[in-house]
Every structure is written in structure tokens, then in C-alpha cells.
Amino acid sequence: MGRFRGWFANPWGKPRFLILYTALYLVWSIVPILIAIRFSFNEGRSRSTAQGWSLRWYTGDPDLSVLHDSELSSALLQSLRLAAIAVLVTVPLGLALAVGLTRWRGRGAGTSRGISLATLVTPEIVMGTALLLVFIHLLTFVPLGTPAQAIGHITFSLVFVVLIVRGRLLAIGPEYEEAARDLGASRLQALRLALLPMLVPAIVASAIIVFAISMDDFVISAFLSSGTSTDTVPVRIYATGRTAPTPALNALATITLALTIVIAAVGFVLWRGVRAARGQTGSTVGEFAATEGL
Amino acid sequence: MSEPKRGVKADRAGDGFWAGLALPGVVWLCVFFLLPFYVVLCVALGSVDPILLTPRPEWNPLEWNTSAFEFVFDGLFTPGAAFETVFVRTFFYVAIATTLSLLIAYPVAYYVARYGGRWKGLLLMGLIAPFFISYLMRMLAWINLLQDDGWVNKVLIWLGILDAPHNWLDGRASSVILGLVYGYVPFMILPLYAFLDRIDRRLLEAARDLGASPFEAFRMVTLPLSMPAILAGIAIIALPMFGDYYTPDLLSGAPQTSLIGNQINLYIRGGQQEPVGAALVVALMLFLTVLMGYYLYATVRSQRRLGG
Amino acid sequence: MTLHPRESRYGRPEFLRRSAAGLVGLSSLSTLLAACGGSNNAEFTPPELKLASPDNPVTQPLFDDNPAIASGLDPENGTLRIYNWNGYLDPKIKKGFAKEYGVKVEETFFNTTDEAVQKISSGAIDYDVFFPTEDRVGRLILGKRLQPLNLDYVPNLKNVWPSFQDPWYDKGSRYTVPYMTWTTGIGYRADKIQKTPLDYANPYEIYWDEANRGKTYLLDDSRDAPAHMLLKNGITNINTEDPKDIALAKNELKSLIGAVNIKLSTDDYTNVPEGKAWVHQMWSGSAVSAQWYLPEGLGTDALGYWFPADGHGTIGSDMMAIPKNAKNPVLAHHFLNYLLDNKNGYSNFTNYVGYQPPLKSLDPDKLVSDGVVPPSLKTAIVRESDFDRGFAITELTPTGQADWLNAWAEFKAGV
Chain A
1 MGRFRGWFAN PWGKPRFLIL YTALYLVWSI VPILIAIRFS FNEGRSRSTA QGWSLRWYTG
61 DPDLSVLHDS ELSSALLQSL RLAAIAVLVT VPLGLALAVG LTRWRGRGAG TSRGISLATL
121 VTPEIVMGTA LLLVFIHLLT FVPLGTPAQA IGHITFSLVF VVLIVRGRLL AIGPEYEEAA
181 RDLGASRLQA LRLALLPMLV PAIVASAIIV FAISMDDFVI SAFLSSGTST DTVPVRIYAT
241 GRTAPTPALN ALATITLALT IVIAAVGFVL WRGVRAARGQ TGSTVGEFAA TEGL
Chain B
1001 MSEPKRGVKA DRAGDGFWAG LALPGVVWLC VFFLLPFYVV LCVALGSVDP ILLTPRPEWN
1061 PLEWNTSAFE FVFDGLFTPG AAFETVFVRT FFYVAIATTL SLLIAYPVAY YVARYGGRWK
1121 GLLLMGLIAP FFISYLMRML AWINLLQDDG WVNKVLIWLG ILDAPHNWLD GRASSVILGL
1181 VYGYVPFMIL PLYAFLDRID RRLLEAARDL GASPFEAFRM VTLPLSMPAI LAGIAIIALP
1241 MFGDYYTPDL LSGAPQTSLI GNQINLYIRG GQQEPVGAAL VVALMLFLTV LMGYYLYATV
1301 RSQRRLGG
Chain C
2001 MTLHPRESRY GRPEFLRRSA AGLVGLSSLS TLLAACGGSN NAEFTPPELK LASPDNPVTQ
2061 PLFDDNPAIA SGLDPENGTL RIYNWNGYLD PKIKKGFAKE YGVKVEETFF NTTDEAVQKI
2121 SSGAIDYDVF FPTEDRVGRL ILGKRLQPLN LDYVPNLKNV WPSFQDPWYD KGSRYTVPYM
2181 TWTTGIGYRA DKIQKTPLDY ANPYEIYWDE ANRGKTYLLD DSRDAPAHML LKNGITNINT
2241 EDPKDIALAK NELKSLIGAV NIKLSTDDYT NVPEGKAWVH QMWSGSAVSA QWYLPEGLGT
2301 DALGYWFPAD GHGTIGSDMM AIPKNAKNPV LAHHFLNYLL DNKNGYSNFT NYVGYQPPLK
2361 SLDPDKLVSD GVVPPSLKTA IVRESDFDRG FAITELTPTG QADWLNAWAE FKAGV
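Chains as they are written, first to last, in the numbering used here: chain A, 1 to 294; chain B, 1001 to 1308; chain C, 2001 to 2415.
In isolation and in its complexed conformation, chain A is listed as follows (with noise of 0.2 Å):
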């Protein structure tokens, strides 16, 4: 790695290998992406021969388009709603789980923050086979499909919420809590006045983050699926695209991003909005990378 140093005599200059690099990397992972999209606008059935540009696939096509393919169209809607459960659960969930973690001292702390951490290394597949096994053999009144599923979601997920609302908590530190309840706030007036303010950007970053996570899982959907009708994009993304797929397959997998970038530039403004009121400065997307690299 040192060779690449050693093409350039002034380490604060231009770094001419180190551009190429990224410029291809960036090519490398995104153009592929910008293909699939373009074939999902392709007049004819074909995914890698440029036909024409149209909106079959989406709209027109009466048997095959994502809108007529109840299939299709199911597992969408399936994506969001597992997405909108996840989110709306995990958020408030983690960021108690969060908050507690980081102030909490006496036994069983210790024990509870590396609990909370155990997800985040556990393969997917290995969660989906303990979650399929404890719905069919122990707790049976969780029928599969959107509950379990929707579970599955969350405990995925909510370790990520944890160590972002943590990173975040660090970095502010108590002092402003400490304020408050020597201004005669009790604990939790102080928590809901003083510290939930300052956590919103993190909290709008893991709302984002579990939204892209949850619409991007495959193997603990695919677990705990009930069949078709609980499938979810990528699920069918993976059943379909190994047999006859059409370019209604990209066009379903260009809607899905879509929406999940709109999410996302949304949560963004607001973050935007919430620093700009408190006069803070820098790159706002540096600060989410920030958080998200955790």
C-alpha cells in the first residue's frame, strides 16, 4: 500500500493513482446499477439489448408490468409495509435501549450492551433459521408472513439504531442533561427537554438507516415468508431472476431504490433544516457518513 505513496513526491498534492482509483471504484459499483435502470425503460422483453425506451414495465403492459403482476405488486407493497412496521417500531425501541445502555451502571449493564451487540455479528441466515425454528416449535401464536417477518425486521435492525443514538450520545455527553436537572428538572424532563433535541439528526439517521435495511433484507424475509403473498422485493428479485425474468424485474427493483432514496432525501432536508436553525455548520452529508460509519 505504501507504493501508492511513493508515485507522488508531496503528500498534500494532487494523489493522481489514488483519483483513478476511486473514479473506477465509483464506476465499478455504480454503472451497473445505471444499466439495470436503463433496461427497465426497454421497449422490448429483452434486460441486455437496447430496444426502445417505454413504460411497459411499469405501467403498460397488462399481464407483465409491476403494476398488473399481482406478484410484483404485492411484494412491494409487502417491502414497504414490513419497512413502515420496522421503522415505526425500532426507532422508539432502540433509541430507549440507546439511551438506557449509555447511562445505566449497575449489574447487568454490561451484559445487556454486549446483548445488544450480538446481532450485529450474526449472519442473517443463521438469525432466520433461529427465528423460523422458535415461530414453528415455541411461540406458535406468531404465524409467519408479515408478524414474523416484521419481528425478524426489528431485531435486525434495532442494533443499528443502538450504536448510531450511542456514537451520538457520546459526542454530546451529559452536561446539558446535568443543566437541566440542576435547573429542578426530574430525570425524565431532562431527557425529553435537554437530550431528545439533540438527538434528532440521529434519530432521523437511523430512521433512514432501518428503512434501507429493512427493505433490503432478503434472507430473514425469505425464512419467514408465508409464501407469494408475503414475499418481499428482494424475494422475489432472487426467485424470478434466475428463471425467464422480464425487464419488469428491474423496474420493480428501480421503484424500490427510488423510494427508498426519496426517504432518505427527505430525512436528509429535515436534518439539513434542524442543524441550519442551530446555526451549525460543515457538510451535512460528512456528518451522516459520520454517524453511519458509526
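It is worth saying that the hints were derived from the structure and are not from the lab. Take every hint as true, because none was put in to throw you off.
Derived contacts from chain A toward chain C, CB cut-off under 8 Å, selection only:
#, residue
1, Ile136
2, Leu144
3, Ser226
4, Gly227
5, Thr228
Ranges between beta-carbon positions, derived for each pair:
#, chain 1, residue 1, chain 2, residue 2, range
6, B, Pro1224, A, Leu20, 21 to 31 Å
7, B, Tyr1297, A, Arg107, 18 to 28 Å
8, B, Val1088, C, Lys2244, 27 to 37 Å
9, A, Ser70, C, Pro2364, 32 to 42 Å
10, C, Gly2299, A, Leu270, 56 to 66 Å
11, B, Trp1158, C, Thr2196, 32 to 42 Å
12, B, Met1125, A, Ser186, 39 to 49 Å
13, C, Leu2198, B, Met1125, 53 to 63 Å
14, B, Cys1030, A, Tyr176, 27 to 37 Å
15, C, Thr2397, A, Val27, 50 to 60 Å
16, A, Ser54, C, Asn2251, 45 to 55 Å
All residues carry an ideal CB built from backbone N, CA and C; glycine is no exception.
Since the structure of chain A is provided, determine the placement of chains B and C on it from the hints.
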């Protein structure tokens, strides 16, 4: 995790309050994360219904039936046996894919952190974008390009490197490993970037002032300082990669590239021997716990060497 | 701001120590769990499971706690929920039924029989109609996962081949009615391969043809794929549990990995027309439906299908059944009857599925002239007499099942 070093007095009196706040989350994780692991254990140590061939978990430790575990450990530790072969193969694929990912992620993260400048926001958006694109969609896009009539073949033929379309999806290890790299590398770049961004430039300036060449400054200051981030990045992508089964399925479909995740999938979802599948899951988790332990040890050690 | 060296962000070493302690503590929960743990497995002393086969036909038992529905009831108004393979039921049939009975019809797909049987066996989900295969049906019946049929609702059963009205796996059609029949042969792209199966003394040897390296597929099925390996070696008992035979089949499968980079799939009906596969172990119905997936410019004579001329190959059939916890059993019975109607069965076959129902009104000799089956694929047509000479996949004992599964897993591990 460590406490914040801000000279703060711990709020021990409020412990009940804080514990209470954390309680719902902890209970949730106990019920839906820890408890399922116990069920996996009980299925692995249970029996099989002779009529329906469905597993019967054994809740009572005194009646645990170890035959599934014996079968799995036998297969794992006998050289040349199925489980051992697959496990070793998985280990190598993950090791190679992780190393390649590191070689790709580090320079990119370094460039954006140190030389991003005005373009930083835009570059970061490019780095964050893969998070919002479904993993499967990215894989699908690649499969599309790798097909016989896909663009990879078209470009290579046009460039004259190939005479005829090459069957990239015929079950070769390189396609699977590159697929893993493609899928997981974004998850390594962001933590690396976040860390490298925070390294104090003054430390590097000081090193240069003391006469170090750029290479030496990098080797003796930047690299050691970024060790915790490198280890973290490795942990973040290698551990989930061990459970990956859909990447080989999509990019190959041949038995010689199947990973331990495929075997687990076969036994759990495909057959009537779920105890064996459950035992495989337990074995995998034990292995990953060992790896996790090594990672923690390495992190602590690298931090000590930094003089902390 | 530099990160302080002591700031570790990813957990303490103590995590491991404490979680180990926690796991031990958890095991003391066992008594609690045993008390309240819900097990969906049937708790009863079963009559001995009789393994059905063509030489050993079985009359399935009836249980007092699993009665058939009464006669003369009206069909329910709910949504009919079907659990089936993908692409195995014409959407027009579903629409026609929905219109005729004024209900909604919803179909859910499974990817493998194992997956479906697992979900049905667990009782975790409820469907009204299910499509099992003959080698699984005995266990499902004994495990009381299927309800006995009230044939008063299914008069169209008389349209079916006589031998299938009283089949060996369910004499008297107590629990099932037939759905489709097929043979398992070798499909190929006649325009791509150099030697067809008929060019070989032992046609199964075509799987090892190196000219088709990377383009040879077997069915991703733990019973069908080894069956061809057994037949290649002249072993006609494809349901053998002899460890020597199992090992032989396993080694044959493994040799294919090195020889031709063998791949596995159940999407034979698209792999072959799309050119992904030049040689594919194929179900006859897939061969027929493959003609509908040909890309533009490619005619049906590019497709080929081989099955032993003496009929000594793998044959199969599946059936329709009603799970025990179906919410709309009367409606389900009517659906079974609907599919056994001559017109509906024929259009299901010719318009969409490609698999052949065992209906008397269907004349195999007219299928080519009627344009249903292209001439190049006439070997894919199934006749009632085929079932006298062919070999069916039947149920195995638990040991046999485990042995075959382990052999299959070992092959799939790519050792």
C-alpha cells in the same frame, strides 16, 4: 463499551431509571434473539418425528440427543468429508474476498477522507448510494452483465480480448468471490472513511517535520492509527459473509462453489433432517464467536501498541 | 478530533465471558419451556406407516378425529387459497373458477416439495388446496395433515384414467385426486449439441459429454437426480435403500462435477430454450412448455427430449389434496372437481402448464396433429401404458430418507 472520558460523575442513583428505559429493548432481544438460539440448540439436540419427519425439539437438557452434533462434528473434523470441505472453502472465499475488499476500500476511503475537498459531499453520496440499492439488485445487475449476451462479453469481444462469449456464470470460484467483493465492499468503505476522516493531520505533519518520507509517515502514523478501523471493517463484512448462500446460488448454481450457508439452507429448508441443519448453525456460531474473540483481542492489542 | 486509543467501539472482551454464563443460565429455563412449549407435531400412537409402491398398493386409513365434510353443503364465500408450484396452474382457470363461484382465488408458490411439506407439516400456515407428489402423500395422511375427500363433490373423477381413479398410493381416492403425469428424461438443444442421447449406447452417458461443459444441468431434486445415476448403471429399483447403491449414485453425481461442471436447477423449462443449458435432466411437461419460452427466431425443432423407448425410465404423477385446516373445504372440493372437468383440464394443459393430466378424453395420439406438442418433442407425450413399465419414486423409511439426503448434501457440497 467504555464510558465517555469527560470527567463525569456516574449517575448511579438514577440507575433504576436508566435500566428501566433499556428494559423493553433488552427484553425484546432476549425473547427474539437469545431464546431462538436456545430453540436452535434444542432442535439440534432433539429428535425427528418418525411419521412426518419434522423435528421435535428436546427442551430438557437431560434428554438431549447428541447424534446430530456427532454427525456434524464428525463431518467437520474429518479431512475430505463434506462439511469440512465446504467449511474450508467458505473460509478461503471469505478470506480472499475480505482481503480484496480491504485493498479496494482503503485507498478509496483514504482518498475521500484526505483529498476529498470540494467534492467530498458528492463523493460521499456515491459511497453511500450502494446502501440504498438492494444487495440483490446489485447482484442481479452484475449477473445481467455477465451473461453470455451481456455487456462484459460484448465489451471484451469488442476490445479483442476474447474471441467468443465466455461463460462467466458456469460455476467458477472467481465469479463468486468477485460477487462477494462487489456486494460487501461498500460496507467496509464507510467505517474506514469515518475513521480516516478523524485522524489528526497534525500528527502526519509532525512526522514529516521530523524527517519522515511520505511513505514512512504513512506506514508509521496513518496505518497503525487506522488499525482499529481496518479490524472493524473486516469484522463487519467477514462475519456476515460466512452466512452468505444466495451469492453462490445466483452467480454459480454449481456444487463446487457451495458455501456453508448453502448446506445449512439445504438441511433446514430442504430436507427432513433439521436437527443436522440446526447443529450446523450452532457450529457456525461457535466458530464465529471464536473469530469475534480474536478480533476483540487484536483490537485491544493494537490500541495498547498505540500507547493508550 | 482523534479517537482516544482507549475508546473501543465494538464491545468488551467480557461480552464473551458473560454471554457464556448467560447461555448456561438459559438452559435452566428448560422446565418452563417444556411446560408451555407448543409443539405442532401430532402426538398419537400411529398405525404403522405403510410405504406404498406400485407393487404394494395402500389403502390409506381413515381417522375418527379427521372426518370428511358432510355431503350437500354449500360452497363457502371466502378466498380460495392454493399452494402450488410456480407456473403450474393456468391463471385463466383461476379466473374462470372465481367467476363461476363468485369468490376470489389466491395462489401461493413454493420452490421445492421439501419446503412445502415442511410448512404444511408444521401446521403453521393454512391453505385450501395443495399439490403433493406421490412419495410424500402417505406421511402427510398419517400425520393427519390432509383431510379425507367427500367424493360426492367430485363427480368428475370418472373422467380420469381408470388406473388413476384407484391409484396404488391412495386406493379408492380417499384423500387425493390426480393432477398431472409426467416422465423424467433428458432434454436438450438439438441445434447446439453434437451428440444426442440416442448416439450413445447408454443414453445417460450424455451427461458426461465434455463438449457440453458448463451447459449440463441436473434437476435440483434429491430423488430425481440420483435416479438417473441408478438407471445409468442398470439399477431399476430407484427407491433402493441399499447403502452400496446410494454410494454408487453419489459417486456418479460427484464425477459429473469434475467432468462437466454440472449445475443444478428446477427451471428446466427456461434454461433449455434460453440456451443456458444444452443438456438438462428434464420433466416431460417442462419440455412441452419450453416451446413457449423460445426466444425470437428459434423454432421448436431446436428442442429435443429423450425417454427410454422401452418405457423403463422415471415416471411420476402428482395430485390435489385438501389440507386438514382448510378454511374453505367445500369450495376446495368444487375446485378439484373443476380441474377434473375435461375442458378445463385440457386447456390448463395446452395453454399454460405443458404437463399432461390423466384424462380419458385426452387422446395422446392426437396431440401432435392438434399442434399442442411439436413433432420434435413427441417423446414427451405420456400414455397410460407408460405407468405399467416405468418406475415411480416412492416413499422411503426414515433411515433411507436420511441416507439419501446425506448423500445428496455431500454431492451438493462439491467435495
